[in-house]
Amino acid sequence: MLVRLARQGGPMTQLIFRAVNAWARLRHPHLCLSFRRRTGQWPNVALPQSLPERFLWRKIFDHNPVFAEISDKLRVKAFAHRMCPEIGVPKVLWQGTDLADAPPELLNRPGMLKANHACRMNVPLPDADRDLDAMRRLTAGWLAEPYGQRWGEWAYSAISRKIFIEELLQNDDGSPLEEIKVHACAGEPLFITYFRGTRNEDLTAEVFTLDGQRTGALDDVFAPTADGKPPAGWEKAVEVARVLSAPFDFIRVDLLLANGKLYIGELTVYPLSGFTNLHVAGLPERWRAAWDLRKSWFLSAPQPGWRGLYARALRARLDARAAGQSGG
Numbered sequence: 028m029l030v031r032l033a034r035q036g037g038p039m040t041q042l043i044f045r046a047v048n049a050w051a052r053l054r055h056p057h058l059c060l061s062f063r064r065r066t067g068q069w070p071n072v073a074l075p076q077s078l079p080e081r082f083l084w085r086k087i088f089d090h091n092p093v094f095a096e097i098s099d100k101l102r103v104k105a106f107a108h109r110m111c112p113e114i115g116v117p118k119v120l121w122q123g124t125d126l127a128d129a130p131p132e133l134l135n136r137p138g139m140l141k142a143n144h145a146c147r148m149n150v151p152l153p154d155a156d157r158d159l160d161a162m163r164r165l166t167a168g169w170l171a172e173p174y175g176q177r178w179g180e181w182a183y184s185a186i187s188r189k190i191f192i193e194e195l196l197q198n199d200d201g202s203p204l205e206e207i208k209v210h211a212c213a214g215e216p217l218f219i220t221y222f223r224g225t226r227n228e229d230l231t232a233e234v235f236t237l238d239g240q241r242t243g244a245l246d247d248v249f250a251p252t253a254d255g256k257p258p259a260g261w262e263k264a265v266e267v268a269r270v271l272s273a274p275f276d277f278i279r280v281d282l283l284l285a286n287g288k289l290y291i292g293e294l295t296v297y298p299l300s301g302f303t304n305l306h307v308a309g310l311p312e313r314w315r316a317a318w319d320l321r322k323s324w325f326l327s328a329p330q331p332g333w334r335g336l337y338a339r340a341l342r343a344r345l346d347a348r349a350a351g352q353s354g355g
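Quick note on my numbering: the sequence shown kicks off at 28 and runs consecutively.
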């Protein structure tokens, strides 16, 4: 009876949505309060509309087991190669949980030391500022940190934490690497963000359409490129993103361009923890229109108990909304 009423909509559906929103505020007060501070309003977790609401809904409900695989900087390499064999995969030279076990020669030649379960935990090698003991303390601190927990980024908490040394990608001419990040929904690329330069004042960032047209600077932090040209590998990046994003309702495909070859960087589940900084008119609206939550794991896989009742109510509401848009 309840299942049928949930599917039909009406007062029962509204009651379910109110109950889910109340539960979310009680169960996840920090996330809901943080959302209110950032946006000025309480989130509608039960029936998410805006992009930040959808990412909050993903954090709370959409615990796709594959998110943990692709958020792991080691396991994502195999995933990307399996889905798209032609993409480059940076070589892993060593992995473990104690840097003392790493071959000493790897610490003294060019490479990247990283943690597999977090962002911004990486150090270029060799590190002239730290001896082995200092580096062991640093990496032990990385492994001790439950990254993403504070902001509800569930996928990181499901990763078996390791440190690893990866080959250093470099351009033969000494120019800095280029980063191409493609936002995509279920195999449909939406737009490209392009980073060029090093991580300091000379870094530029711009947004390009899928036909290579410049739309403007990413935000107020990064300067636009001087020539306004898209990266050399943008067309191939779009095709790679089309393949890698196919299993997900939304994902950001992060690629590196070195010596004209594309390499997998990351598949990002929670870009900017869900608070987009896009300043390009119309793009957030296009993104929201393309992101169909019905293709999410939560609304595609059976859910137990009250979550199943809520999932059916939400899917029915989204189906009705889609039918209204197509009919109108």
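What the hints contain is simulated information worked out from the structure, not anything from laboratory work. Please note that the accuracy of each hint is not assured.
In silico DSBU-like cross-links for lysine-lysine, where the CA-CA straight-line distance does not exceed 35 Å [what the hints assert, rightly or not]:
id	residue 1	residue 2
1	Lys288	Lys322
2	Lys118	Lys322
3	Lys288	Lys189
4	Lys256	Lys288
5	Lys118	Lys104
6	Lys256	Lys118
7	Lys118	Lys288
8	Lys322	Lys189
9	Lys263	Lys104
10	Lys189	Lys256
Quiz item: Which numbered hints are broken by the structure, listed smallest first?
Solution: 10
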